[in-house]
Amino acid sequence: MIAEIGHLLLIGALVISFFVGFSPLCRFITKDNFFYRVTGPLNILVLFLVLFSFISLIYSFLNDDFSLAYVANNSNTLLPVYYKLAATWGAHEGSLLLWIFCLCLWATSYLFFNRKKDEEFVALTLAVLNQIICAFIAFTLFTSNPFERLLPIMPIQGSDLNPLLQDFAFTIHPPLLYLGYSGLAVPFALSIAALISRNIDSVWARDTRPWSLLSSGFLTLGIAVGSWWAYYELGWGGWWFWDPVENAAFVPWLISIAMFHSLIVTERRGLYKNWSILLTILAFAASILGTFLVRSGVLTSVHVFALDPERGVFILVIFSYFILGSLIIYSLMNNKLPGRSTYSLISREFGFLLNNLLLVILAISIMFGTLFPLIYEAIYDGKQISVGPPYYQVLILPFAIGLSFLQGIGLYLGWNSTKEFSFLKRIAIESFSLFLLICLFVFLVFGKFSWGSVLAIAMFCWIVSGNFIELIYNSSHLRDLKAVLFKRLALISAHLGMAFLVLGVGMVTTFSLEREVVLSEGEGYQLGDVTFTFKGIEEYKDLNYYVDSARIEIKRNDTVNEVRAEKRIYLSTNQTMTEAAIKPTLLQDYYVTLGDHLGDKTWSFKLQIKPFIRWIWFGAILIAFGTFVSSFNILKKSHE
Amino acid sequence: MNRVTHFLPFIFFIFFIIALFSFLDKDEDQLRSVLLDKNFPDFSLPKLESQEIVTGQDLSELPSLLNVWATWCIACRVEHPFLMRLKEESTVKIYGLNYKDQREKALKLLDQIGNPYEFSIFDQKGKLALDLGVYGAPETFLIDEKGVIRVRHVGVLTEDVWEKKFKVILDE
Amino acid sequence: MSEQKMAYKFLIFLLFLAPMVAQSDTSKELYSFTGTEDQERFSNLLETYRCPKCQSSSLAGSNAPIAKDLKTEIHRLIKEGKSDKQIEAFLRSRYGDFIIYKPAFRMNTLVLWLGPFLLLLVILILVVNWNISSKRKVKDLEAENIVKAVERTRLKKLLEED
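Chains as they are written, first to last, in numbering that gives the first Met the number 0: chain A, 0 to 639; chain B, 0 to 171; chain C, 0 to 161.
If you're looking for bench data, these hints aren't it; they were derived computationally from the structure. Note that the coordinates shown come from a computational prediction; the quantities given were computed from them, not determined experimentally. Warning: the hint list may mix true and false statements.
[As the list claims (entries may be wrong)] So the derived label-pair ranges between C-beta atoms look like this:
id, chain 1, residue 1, chain 2, residue 2, range
1, A, THR575, C, THR25, 49 to 57 Å
2, C, LEU109, A, GLN392, 17 to 25 Å
3, A, VAL444, C, THR35, 43 to 51 Å
4, C, ASN107, A, ASN560, 28 to 36 Å
5, C, ILE145, A, ARG114, 20 to 28 Å
6, A, VAL444, C, LYS52, 17 to 25 Å
7, C, TRP112, A, LYS30, 39 to 47 Å
8, C, THR35, A, ASN415, 48 to 56 Å
9, C, THR35, A, LYS534, 21 to 29 Å
10, C, ASN107, A, GLY413, 28 to 36 Å
[Unchecked claim] Among the chain A residues that face chain C by a calculated CB cut under 10 Å, a handful are:
id, residue
11, ASN72
12, GLY236
13, SER343
14, VAL516
[What the hints assert, rightly or not] Some residues of chain A that are not near chain B, with every Cβ distance over 10 Å (derived):
id, residue
15, VAL297
16, LEU373
17, LEU443
Quick reminder that beta carbons are idealized off the backbone N, C-alpha and C, glycines included.
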């Protein structure tokens with residue numbers, strides 16, 4: 000019964016969002032401003048319809064309503080309550096409902112912050128957003144309905160949530176990621192509204208930037224949590240694989256960063272108007288493309304939700320409508336006055352242009368690499384090729400170096416031209432000093448040397464110098480410094496976050512150690528300067544699985560820790576999961592996975608040491624923090 | 000000039016979308032063998048049924064199928080009845096490749112459910128399988144009269160697969 | 000590590016400047032090698048090759064039986080003294096391009112390897128060119144205006160003299 004109500008509510012949301020979507024058209028025909036005024040309240044109605052529809056699905060999960068196909072496929076009576084909740088968005092159909100709900104949240108947030116602004120513009124923006132909401136509800140109802148019943152034969156027990164997903168990080172990863180993906184619809188809608196009302200100006204740029212920052216921030220967190228989850232859950236010690244679905248999130252993230260940088264130039268200098276608009280369209284396109292890649296089955300991947308070409312067709316139709324539609328409007332109604340490119344090549348404008356160039360070309364290249372196997376197969380009659388981490392690591396390096404360089408000096412480039420160049424010498428000296436210190440420290444602690452780590456340290460020092468040390472130098476006294484740091488908190492946090500991320504990536508890529516060993520109870524093995532000793536194994540049963548739990552002692556100098564590496568067999572599906580044992584420290588992680596039972600009290604283990612890996616996610620958190628602070632600052636100011 | 004450049008993104012995306020639609024058409028979900036149209040690799044391994052060593056020469060009744068199977072492979076049981084049928088109804092002989100298995104277990108299984116193979120190669124370490132580019136069981140190869148590999152199917156061999164993939168080549 | 004210990008270690012390294020040799024018990028290793036170079040090659044190769052059975056995983060990240068077999072094979076090949084190129088040829092002849100995560104550098108993958116950088120270069124040149132020519136146009140315009148202004152004042156003077 001509840002599920003039927005949820006289903007009806009969703010249908011209601013479909014109808015109303017459709018109406019809102021074409022309200023401006025009605026206004027255009029009837030000239031009645033009622034159609035503008037009505038978009039706000041109806042948008043809120045859509046939000047509540049979707050919310051209660053979502054709640055009804057959650058209710059079905061919590062009540063083990065296995066007459067719903069979706070619940071039966073993804074839940075189980077033995078599943079702990081909090082995972083039943085998370086199972087709501089654990090697979091294709093339910094995750095779409097979450098996506099739609101996120102879209103509604105964004106639309107309503109936009110409405111809230113802009114309710115006193117120009118009626119026509121707000122109505123246009125809401126209309127576009129609701130068209131998107133409508134499209135996705137249609138997709139859900141027609142191809143992926145979570146409320147589909149299995150009656151008359153209802154299973155007594157469900158298939159259970161994939162054990163890989165029975166995990167805290169997994170409960171927050173999709174919501175964060177979807178907030179990021181769907182949030183990119185807002186800048187997109189704002190662009191369409193600006194194009195139609197023929198008003199692309201600084202105010203538009205300032206109003207659009209917070210939404211691109213917020214989406215970017217959520218994407219940052221979503222991707223970071225996904226990476227962290229993969230690290231501790233999948234058991235092979237990796238944190239990023241350039242998997243098609245990871246790339247599907249990384250590409251919009253890169254474009255969103257280009258977008259909010261470009262909007263700064265549009266706001267401050269009135270330049271790059273067309274380019275900023277194009278970026279919002281591109282970012283949203285990348286977002287839908289990501290959905291398409293994950294749900295259509297064109298690319299096989301550990302992540303892929305549903306292998307169903309029919310769904311792929313539907314998403315592509317949605318993609319075509321919004322992207323081709325927006326591009327037609329762009330081509331016809333964009334800013335016809337050519338922007339005057341009279342700034343010096345050593346100016347902040349050009350710096351931002353280079354930033355955009357690097358980010359967007361990197362994004363396009365990654366997308367191309369992801370699709371390349373498909374293109375190759377199509378051209379060469381079925382011959383298969385793979386494009387993986389070794390390619391992307393080579394690809395990203397020059398771009399990362401270029402972006403890091405720009406990030407160090409960006410603050411000191413002048414608008415239109417740079418008059419003073421002493422900052423260059425100072426930053427070089429500051430970063431070189433820091434560089435020597437860190438290299439020495441790393442060499443002493445890790446005892447080895449590699450060009451990769453040297454490069455990573457150099458990039459780190461350059462960014463930290465430009466975004467922190469130089470700022471300290473520039474302020475004559477403490478009060479000055481505090482004011483500067485506070486004013487630039489967002490920028491410093493985001494850029495320093497990037498520095499930590501770069502350092503973490505570089506160090507973990509070059510300094511990781513791993514070894515597969517066979518140990519009997521009591522035996523140990525030394526890897527690097529760490530001794531891993533197999534202390535013993537226990538067998539028992541937990542909530543919904545049986546487990547073999549191995550105790551490993553990790554000893555480095557005088558520090559001793561004990562961790563547990565496990566192999567679990569889940570009762571419902573008979574699936575075996577490895578739970579890695581991880582001991583994090585400030586500078587490195589110790590990582591142990593249990594392998595095979597090779598004999599009496601003898602097991603194989605994979606031992607790993609991962610230096611600086613936590614710095615990657617720490618950096619990501621700083622970046623997200625920076626983008627959130629920045630967006631709140633702008634929203635606060637524009638709301639006054 | 001300016002008017003046209005403004006339309007470039009639109010034009011690009013039209014082609015891009017067409018390409019994406021074309022990608023939806025593919026239905027191949029297995030790895031294509033690179034040994035197609037190449038000679039069957041050399042090998043020297045014992046038979047499953049005895050200690051006798053066999054080599055490529057012993058796969059003499061060509062054209063024939065080589066079926067990769069094991070006692071731990073559940074899907075192999077699913078295709079087994081069809082293999083038995085092929086043995087009865089078709090002129091094509093089937094050789095087995097017992098993949099990473101235990102001799103006694105394998106012989107016992109054939110005893111229980113029937114032996115569709117002329118003989119099985121006992122590839123305990125999976126060496127020949129590796130040379131064949133095998134990555135799991137079941138897999139089935141078609142070797143033609145000249146000893147050239149013509150077809151490789153990954154997964155259960157069904158009537159449908161037999162007709163569409165194997166028989167078409169045999170009829171040539 | 001205390002300050003003193005750090006200093007000692009530093010001195011030792013200065014004195015010997017030897018790379019750190021893995022003091023590991025190779026008898027316990029599943030895949031043992033003599034020396035760190037081969038060990039690193041092995042780790043590297045396991046990241047370069049794909050598990051044929053898994054949907055998306057390198058050999059390093061997979062527990063599938065075929066992945067284990069391939070690891071053993073690569074281990075054997077390294078111990079036999081085969082080079083990375085030979086190992087690649089061995090694997091490619093059995094599993095094709097699919098198994099190599101680093102696409103080969105050939106004619107039909109040129110666009111993949113060089114494309115991004117060429118695109119970057121081309122657009123950079125276009126943008127810089129546009130910038131310079133815009134500035135020149137503005138300068139020419141200014142020069143024109145100056146000439147016009149000069150002529151105007153001259154004309155004015157002539158008219159005043161009348």
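Next item on the list: Would you list, in rising numerical order, the hints stated earlier that this structure does not obey?
Entry: Structure breaks hints 1, 3, 4, 5, 6, 7, 10, 11, 15, 16.
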